[in-house]
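*Asks:* Sequence:
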Amino acid sequence: MTYPGISFLGRPGGGKKAVVAGSRIRVSQIAVEHERLGMTAEEIVNAHPHLRLFQVHEALAYYFRHKAALDCEIREDEKTVKRLARKFGVSYSL
Numbered sequence: 001m002t003y004p005g006i007s008f009l010g011r012p013g014g015g016k017k018a019v020v021a022g023s024r025i026r027v028s029q030i031a032v033e034h035e036r037l038g039m040t041a042e043e044i045v046n047a048h049p050h051l052r053l054f055q056v057h058e059a060l061a062y063y064f065r066h067k068a069a070l071d072c073e074i075r076e077d078e079k080t081v082k083r084l085a086r087k088f089g090v091s092y093s094l
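Sequential numbering from 1 applies to the sequence shown in this note's numbering.
Quick caveat, the hints were computed from the structure, so don't treat them as lab data. Treat each hint with caution, since some may be false.
FRET-style restraints, in silico, Cβ to Cβ [what the hints assert, rightly or not]:
1. Arg-52 to Asp-77: 32 to 40 Å
2. Ser-7 to Asp-71: 38 to 46 Å
3. Ala-69 to Pro-12: 13 to 21 Å
4. Gly-15 to Phe-64: 18 to 26 Å
Derived DSS-like pairs (lysine-lysine); straight-line CA-CA distance at most 25 Å [to be verified]:
5. Lys-17 to Lys-79
6. Lys-16 to Lys-67
7. Lys-82 to Lys-67
Quick reminder that beta carbons are idealized off the backbone N, C-alpha and C, glycines included.
Turn these sequences into a full structure, and let the hints guide you.
*Replies:* Listed below in structure tokens is the structure:
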């Protein structure tokens, strides 16, 4: 299956990350907003007004198709955030 609305951006020290084409919004961010924060696709569009509903739906479809890899990406991001929070003495919870 192809996802024409998904493109990939390289990151320093990491591989390419799936993003909504034409934006810098990562698919993993949309997945967190939907799966962990309980946001609907419409609420995600309201939070990111430069996105269209079909883009959010495509990002979620990509996430569910590549769930294991994206969940790993999310866990790695959380480790980084927690490490930085400890370093700078701020609390973090999701």
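*Asks:* Each hint: holds or not?
*Replies:* Tested hints:
| no. | hint | result |
| --- | --- | --- |
| 1 | Arg-52 to Asp-77: 32 to 40 Å | violated, 25 Å |
| 2 | Ser-7 to Asp-71: 38 to 46 Å | violated, 20 Å |
| 3 | Ala-69 to Pro-12: 13 to 21 Å | holds, 19 Å |
| 4 | Gly-15 to Phe-64: 18 to 26 Å | holds, 20 Å |
| 5 | Lys-17 to Lys-79 | holds, 17 Å |
| 6 | Lys-16 to Lys-67 | holds, 16 Å |
| 7 | Lys-82 to Lys-67 | holds, 22 Å |
The structure shown violates the earlier hints numbered 1 and 2.
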